Structures are given as structure tokens and as C-alpha cells.
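Number of protein chains: 2
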Amino acid sequence: MANTPSDFMNEAIRLARINVEQLHGGPFGCVIVKDGKIIAAAHNEVLASNDPTAHAEIVAIRRACQVIGSHQLTGCEIYASCEPCPMCLGAVYWSRPDKVYFAASRVDAANAGFDDALIYNEMCIHHADRAIPFIQFMQDEVQKVFREWSENNHSPGY
Amino acid sequence: MANTPSDFMNEAIRLARINVEQLHGGPFGCVIVKDGKIIAAAHNEVLASNDPTAHAEIVAIRRACQVIGSHQLTGCEIYASCEPCPMCLGAVYWSRPDKVYFAASRVDAANAGFDDALIYNEMCIHHADRAIPFIQFMQDEVQKVFREWSENNHSPGY
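Protein chains in written order, with the numbering used here: chain F, 1 to 158; chain V, 1 to 158.
It is worth saying that the hints were derived from the structure and are not from the lab. Note that the structure is predicted; figures quoted are calculated from it, not measured. Some hints could be false.
Repeated chains share a single entry, so a pair holds when one copy, or any two copies, can fit it.
Said to hold, decoys possible - Here are the computed lysine to any residue pairs in the SDA-like style, where the Cα-Cα straight-line distance is at most 25 Å:
| id | residue 1 | residue 2 |
| --- | --- | --- |
| 1 | Lys144 | Thr74 |
| 2 | Lys37 | Ser150 |
| 3 | Lys34 | Glu21 |
| 4 | Lys99 | Ala117 |
| 5 | Lys37 | Leu118 |
| 6 | Lys144 | Ile68 |
| 7 | Lys99 | Cys124 |
| 8 | Lys144 | Gln66 |
| 9 | Lys37 | Met123 |
| 10 | Lys144 | Gly113 |
| 11 | Lys99 | Met123 |
| 12 | Lys144 | Val67 |
| 13 | Lys37 | Leu23 |
| 14 | Lys144 | Ala2 |
| 15 | Lys34 | Gly113 |
| 16 | Lys34 | Ala117 |
| 17 | Lys34 | Met138 |
| 18 | Lys99 | Glu141 |
| 19 | Lys34 | Asn153 |
| 20 | Lys144 | Ile125 |
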């Protein structure tokens, strides 16, 4: 296998196509590249594993981190067959790769029946207006924990 | 252990406090409740497991789904010590619990050094303006896969 961006994206798309037949989950694939080589790859496994977090990007990020032995993907590029959903976008920011390439858009995903666009909308609105109720209470109690944390630790957020 | 909302949140906060001492990750905890009982619980394990996706909510959602044997948390309530970050908020929507309770806010998390508020901002801006570059290409190629998917499957998006 060659190692151009098109080759890496073709591999992500090949992985996405697996689920058209096998239905381990939705038709999404992802590969993670470091130093010009694929170090992790995955397709969506939500249904096969009964795990709603098993999107291609999440599974690939988890695998790449095990390969690297770090919770950070510094120096890595992510190739995703579709624009990452909000969950996967969050995982991208927490894992901090250098760059993300994607093929389909959130609109393409919505047209195929997926909730990506809906969830993006829910992200940016107030708790009280969301489809799933979000209710805040006991804030004082947990602020004590954050104070204890800040007194005991000086590491950046992860 | 009793089974009021305060009891469940106290347990989530107790789990959050574990990391002030043990530093498996940030000071965050989560429990998931069904029929008045805790069916899954977790604290942040990002550092201990080298897994940037191992936030308390993600780990608890994955565990609860294994207990239930489904990728959906219908009938469940999530108690999180802090407002879910965008990644965890996405996981909430994909797992579809009935309700989410949280204690600390994203501002509290930011004050303790975590990127939650930053990532919320990145969610709502254009790709070109983001801190991590997001580059789209080969959209046509993967649209073929979505068409094949739509012709072969009639299930709702997951």
C-alpha cells in the first residue's frame, strides 16, 4: 500500500464500506497515520459490540494510543471517512493529533439517517432547550473536589 | 446506600475525588441509574489507561451498555460530577438515556485547568478557524458508500 493522503483516505473508505454488508454499525471508517504509516485503523462497531461510543474514530484513537503508549496523538494525522460527529470531535481535541482529514460531511451523514447534525445543534443551545433534559444540582459539593485537585496537582487538563 | 438523586450524585462526587489522590486522570466521576439502582459507575481513567476517551461518562456508558446488553440506555439516568464535555455529551446523545444530572459546570472545569469550554467553542465554529486543522477531500468517493448503505439498510442512525 502506498502512502499518499488519497491512499489513507481510500483505506478509511474501504473500512466504511465493510458495514454496508456486515452491519457492525454505521458505514464509517478511520485510519491514524504517524510518520507516513498507518498505526491504527477501525470501522464503526456500535452494534457488534453494544457500545454506542464505538465509532470508527473513537476505536482508532484508542488503538493508536495503545500503540504509542500515550494518551496524546502528537505527530499523528487522522483520516476519517466522514466529518467526525461531536463525540468524535471531542475525542480529537482530547487526543490532540496534528491534523484531521475527512471525506463526507455531517449533511451527508444526516441524509443517510444519522444524528450527527442534530447533535451538533444540541451542543450549541441551552440545557433547558435540549431534547434530553440536563439538570444541574449540588455544584457546591463538587467545587470542593476541584479545589482539592488544584491544590494537589499542577498538570495540564486531560 | 439510599437511592435519592442526592445519593447518586454523592457517589459520582466520591468517585471524582479518587483522582485527587490516585491521579488515574482528572477529578471526574459518573454513575448510571436504572429502576432506582446504580448499574454502572466510573471515574476518569485517561492517564491510568493511556486512553483519551476514558472520561468517567464514556467509561460508565460503555459499562452500562454491557450490563443492559444494548447500545441504548433507554430508561436510564446519568449522574455526572461535572457537566459532560462535548465528547461525553455526544456519547449521551448516541446512547439516549432519559435524563442527565450534573454538578459542576464547564466553567468550573475550565477554572481547574480542563479544556471543556475551549472544545465547546471549537464545536460551533468553522473548520478553517479551528485550533486543529480539519481538511475535507474525496467527498464524492464516500458518498457512494452512503448510497450503498441507504439501498441496503433501513435502520435508524446509530
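Results of checking the hints against the structure:
no. : hint            : verdict
1   : Lys144 x Thr74  : neither (33 Å within a copy, 32 Å between copies)
2   : Lys37 x Ser150  : neither (39 Å within a copy, 32 Å between copies)
3   : Lys34 x Glu21   : neither (30 Å within a copy, 34 Å between copies)
4   : Lys99 x Ala117  : both (22 Å within a copy, 21 Å between copies)
5   : Lys37 x Leu118  : neither (34 Å within a copy, 30 Å between copies)
6   : Lys144 x Ile68  : neither (35 Å within a copy, 33 Å between copies)
7   : Lys99 x Cys124  : both (24 Å within a copy, 18 Å between copies)
8   : Lys144 x Gln66  : neither (33 Å within a copy, 32 Å between copies)
9   : Lys37 x Met123  : neither (34 Å within a copy, 29 Å between copies)
10  : Lys144 x Gly113 : between (43 Å within a copy, 15 Å between copies)
11  : Lys99 x Met123  : both (22 Å within a copy, 16 Å between copies)
12  : Lys144 x Val67  : neither (37 Å within a copy, 32 Å between copies)
13  : Lys37 x Leu23   : neither (28 Å within a copy, 33 Å between copies)
14  : Lys144 x Ala2   : between (53 Å within a copy, 23 Å between copies)
15  : Lys34 x Gly113  : neither (33 Å within a copy, 28 Å between copies)
16  : Lys34 x Ala117  : neither (30 Å within a copy, 29 Å between copies)
17  : Lys34 x Met138  : between (44 Å within a copy, 21 Å between copies)
18  : Lys99 x Glu141  : between (39 Å within a copy, 21 Å between copies)
19  : Lys34 x Asn153  : neither (31 Å within a copy, 34 Å between copies)
20  : Lys144 x Ile125 : neither (28 Å within a copy, 33 Å between copies)
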